[in-house]
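Take a look at the letters that make up each chain.
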Amino acid sequence: MFQLVKARMGQLVLVLFLLSLMTFILMKMAPGDPVLIILGSDEMTVTQADEAALREELGFHLPILVQYAQWMTNLLQLDLGTSYIKGKPVLDELMDRLPTTIELTVGGLIVMILISLPLGFLAAKYPGRWPDHVSRFLALIGASIPSFWLGLLLIYLFAFKLQWLPTMGKGSIYHMILPSLTLGFAMAAVYARLLRAGLLDSLSQEYIRAARARGIAEWRVMLKHAFRAALIPVVTVFGISIGSLLAGTVVIETLFSLPGLGSMGVQAIFQRDYPIIQGYVLLIGVFVVFVNLLVDLSYGWLDPRIRQGKGDAS
Amino acid sequence: MSIIGKYRTRMTAVCGPLMLSAVLLLTGCGAQKQEAAGKAEPVAIQAEEKKEEMKKITVIRNFKAGSLDPHNSWETLRAGVVETLVRIDENLVLKPWLATSWENRDELTWVFTIRDGVTFQDGAKLDAAAVKASFERGMAASENLAKALKIASMEANGQELTIITTQPHAALPSELVNPYASVISVEAEKKMGTEAFNNAPVGTGPFTVKSFTPDIEIQLERYDKYWDGKAKINEVTFKFNEDPNVRALALQSKEADIVYSIPSETIDAIKQDTELAVESVPGLRVHFLLYNEQKPLLQDVKVRKAFDLLLNRDSIAHDIMLGNGTPANGPFNMKLPFANQEPVTAFNPTEAKKLLLEAGFTEGPDGKLMKDGKPLSMEIITYKARPELPLIAQLLQSDAAKIGVAIKIKTVENADTYSREKKDWDILTYSNLAAPRGDAGYFLNSALMPEGSLNAAGIEINELSQIVMELNATSDLDRRVKLAREAVKIINQEIPHSYAVFPNLIVGVNKRVVDWKPGAEEYYMVTNKMDVK
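From first to last, the protein sequence lines stand for chains A and B.
Under numbering that gives the first Met the number 0, think of the first position of the first sequence as 0, with each following residue one higher.
Under numbering that gives the first Met the number 0, think of the first position of the second sequence as 0, with each following residue one higher.
These aren't lab readings, by the way, just hints derived from the structure by calculation.
The reader is advised that the hints may include incorrect statements.
[Claimed, not checked] Partner residues aside, some chain B positions facing chain A, computed with beta carbon under 8 angstroms:
(1) N61
(2) D214
(3) Q218
(4) N240
(5) L248
(6) I269
(7) D272
(8) A276
(9) G440
(10) Y441
(11) D475
Yeah, the Cβ is synthetic: ideal placement off N, Cα and C, and Gly gets one too.
Here chain A stands alone, though its shape is the one from the complex:
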């Protein structure tokens, strides 16, 4: 396990380097820069000479790789730079936004687990019968409704019609219910189907028959023997989708006025706020690598047959 962690740390450095280089080059190649926004040209009289002077001051006239090297030198001194638009250090900006994103992600995960576990179990337990149909129907709805629409429907029902929950903002657990439901419902659809498939697969295995033959209680067979193995595809997909989960909550953040990382990233891209974009990509990159490390470590626990670097896994 130690070997795996060590290898992954090496990979992390490489991944982050390539990620930051690619992002840097792509964003510099994209047309536009933040100069007009920094100068506030939509309300202040700005001349083209002012623009040129600021471009030079910010070093935008230098070759891309030189600009990248400057950014990298600062990064090695643990300095992510300062937002062009807001004037705040990038690290502060990221740390301000991170808690909301984590709250939203955790809320979404709780809803996802609460919906997908029972649905997955029921569907696997009664394949082809009504619980399976209900699960499939819900999965279809969850996968088909875009989150901005589901969010609006939930606000319409719970905030406008029933007036049970607030429409927007932060501050109490009630504020997090609708955003978590919106995020969790769409995820639950996919995971319930994955869990069903995983459970059906593991329930057909020899060791389950053996366990049942030994007279082990059915719930124990399901939970201890089948469930653990069925979690492997679930966990794998989760590892792959964590990046989009952390970054892709932008619609939900906008609907519910939750200032998270997603909306910050999108805004930074529109405004060409390069330091924020770089910091954001790095942070998400670190998360993705760490979560995937945890996923890999969990395989060994979920299925003892899987061992890192120990040859034949069968």
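The hints should help you fit chain B onto chain A, whose structure is shown.
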């Protein structure tokens, strides 16, 4: 399967749906608690109202604010926390605010008399020294403000502030309307530390910041010693939400009293609620066509005039903007003293075709206009950030086709960048704030002077440039109005732009709010006068 096994199976079958129901009910349970809390709240408010007449208002803005630093955010002024020396009134005319009067002693010297009897929210007295310290802080915090004010030095003497500018700066009083020029207590900042100050700045306005959650909301409470009479409302919640439908739902659910930028398609539903009203006022922005005069064809004023006549302004205001726009007769909102006095150019395709024929085009056998054997075809650039603009391009395309002019529409992400970097476009649908501080100088300098940052088409009209230069050196307000009018006249003759429509500011208001109207300037949103029934 053993008996116990069967029993377990049944348990699973029974418990499974139960668990599912539990999940579905989970939000319901939480919600019921909230419902109880929600119902309890009005009761609690009523009880308090009896005791202290607690009055609250909730405002929702369509853009968010991550900081309340008054020199880098407009929301602090909008929320009634800080004020400026000069303001504009409901007729968009400059009026004294924290300064009672000002005079231009010579080309470079301005003297402002600071209002007596004003205190900052920390109790400190407002005098010229405090204003000087605030401007110094502002110019250090915002390069934009430093550039706009052009201050070389300042001298404070009691209530008299003398400003020496780096160059003749006739528009200084109008620049001081800028929210970035808000007056804050620098002494309070020293005591609190910059970070704490930027979360709860101390100004002279009718409200103080009770708490601020960046990008979510500002909780405001009344400042009882406000110089212009304490506010009628005790507390204001100033929220931010960027989703138009959610904002509309918040108004409809009565969670908010004043909601900015309501989507036009929800207006009918809102109007059906007898407790709600929708205010639609022409703003200071203008949507227009910008002609690329670097293209030889568009250098002919007759061609530009033809497209001006092809622009169906009534249809844009009524069909595209569903009545929430006002046809434009020039760059400046008709309320402004220097706005164009002439009527809006009427849609006239016949006259447009005539002009094009005069410009040397001939009608081909298929009805298409040709010159030198080539059909007349234009490329129009548009962008989606303002959803009306692509529709304006489509309307023009269809009207132009009727007189044999082909228009290709190209949608780009960033029109500013595209129009500067590429030279191949002919017409751009554009939108600018034309008089953000109730003065013509900004738009004329930025969009119509050769060195201006919004002049992607390289417009250079000598006669106009001379007037703008004279305007930049004239401080007398009446003379400025006259010069701006002359400038507008030349613009309407030369047609470097075709002004289409002034988009309205659409604000949803709960009728319990009284003595409050949205202003075209979008500056003074929380006031001491606003009240609730």
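Against the structure, the hints come out as follows:
1. N61: 11 angstroms, violated
2. D214: 4 angstroms, holds
3. Q218: Cβ of B:Q218 sits 10 angstroms from chain A, so the hint is violated.
4. N240: 5 angstroms, holds
5. L248: 5 angstroms, holds
6. I269: 12 angstroms, violated
7. D272: 11 angstroms, violated
8. A276: 18 angstroms, violated
9. G440: 7 angstroms, holds
10. Y441: 5 angstroms, holds
11. D475: 20 angstroms, violated
Consistency note: the structure conflicts with the earlier hints numbered 1, 3, 6, 7, 8, 11.
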